[in-house]
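Q: Sequence:
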Amino acid sequence: MLVLARKVGQRIVIAGNIEITVVEIRGEQVRLGITAPRNIAVHRKELLEQVTQENIEAAATAHDAENSISAPAKGE
Numbered sequence: 741m742l743v744l745a746r747k748v749g750q751r752i753v754i755a756g757n758i759e760i761t762v763v764e765i766r767g768e769q770v771r772l773g774i775t776a777p778r779n780i781a782v783h784r785k786e787l788l789e790q791v792t793q794e795n796i797e798a799a800a801t802a803h804d805a806e807n808s809i810s811a812p813a814k815g816e
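Reading the sequence shown from the start, the letters are residues 741 to 816 in the working numbering.
Treat the hints loosely; a few may be bogus.
DEER-style ranges, computed between Cβ atoms [stated by the list, open to error]: (1) H783 x R751: 16 to 22 Å; (2) E764 x N795: 17 to 23 Å; (3) E759 x T801: 36 to 42 Å; (4) T801 x Q750: 24 to 30 Å; (5) L744 x N795: 29 to 35 Å; (6) R751 x A798: 37 to 43 Å; (7) V743 x G767: 16 to 22 Å; (8) L744 x A799: 37 to 43 Å; (9) R766 x N795: 32 to 38 Å; (10) Q790 x I758: 21 to 27 Å; (11) A799 x V743: 35 to 41 Å.
Hints were generated in silico from the structure; no laboratory data involved. In this text, a Cβ means the ideal position worked out from N, Cα and C, and glycines have one as well.
With these hints in hand, go ahead and build the complete structure from the sequences.
A: This is how it looks when you write it as structure tokens:
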């Protein structure tokens, strides 16, 4: 992991076309501005992890529902 120190207004460029700007520092919170091409998805990691987990749970529920519908009842 590369660790950089930046001040408000300073920027970091990634791959020549993604720019991260330190917009504000307030206490322990840092506000970042991100400029990136539209084809580059930018997400907060905790939200991405939450959506991924919800998708896994939904897929498992759908799989369970499909199995209960297609499995014949005992005695048939």
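Q: Evaluate each hint against the coordinates.
A: Taking the hints in turn, this is what the structure says about them:
The hint said 16 to 22 Å for the Cβ distance between H783 and R751, and at roughly 20 Å that hint holds. Hint check: E764 to N795, Cβ distance near 33 Å, so the stated range 17 to 23 Å is violated. Between E759 and T801 the Cβ separation comes to about 41 Å, which falls inside the hinted range of 36 to 42 Å. Range check, T801 to Q750: about 46 Å between beta-carbon atoms, so the 24 to 30 Å window is missed.
For L744 paired with N795, a C-beta distance near 33 Å keeps the hint of 29 to 35 Å intact. For the pair R751 and A798, the beta carbons lie near 39 Å from each other, so the given range of 37 to 43 Å is met. At about 20 Å, the beta-carbon gap between V743 and G767 stays in the expected band of 16 to 22 Å. At roughly 38 Å, the beta-carbon separation of L744 and A799 lies within the given 37 to 43 Å, and the hint holds.
A hinted range of 32 to 38 Å for the beta carbons of R766 and N795 is consistent with their spacing of about 34 Å. A C-beta distance of roughly 23 Å is found between Q790 and I758, which places it inside the suggested range of 21 to 27 Å. At roughly 37 Å, the beta-carbon separation of A799 and V743 lies within the given 35 to 41 Å, and the hint holds.
In the structure shown, a violation is registered for the earlier hints numbered 2 and 4, in ascending order.
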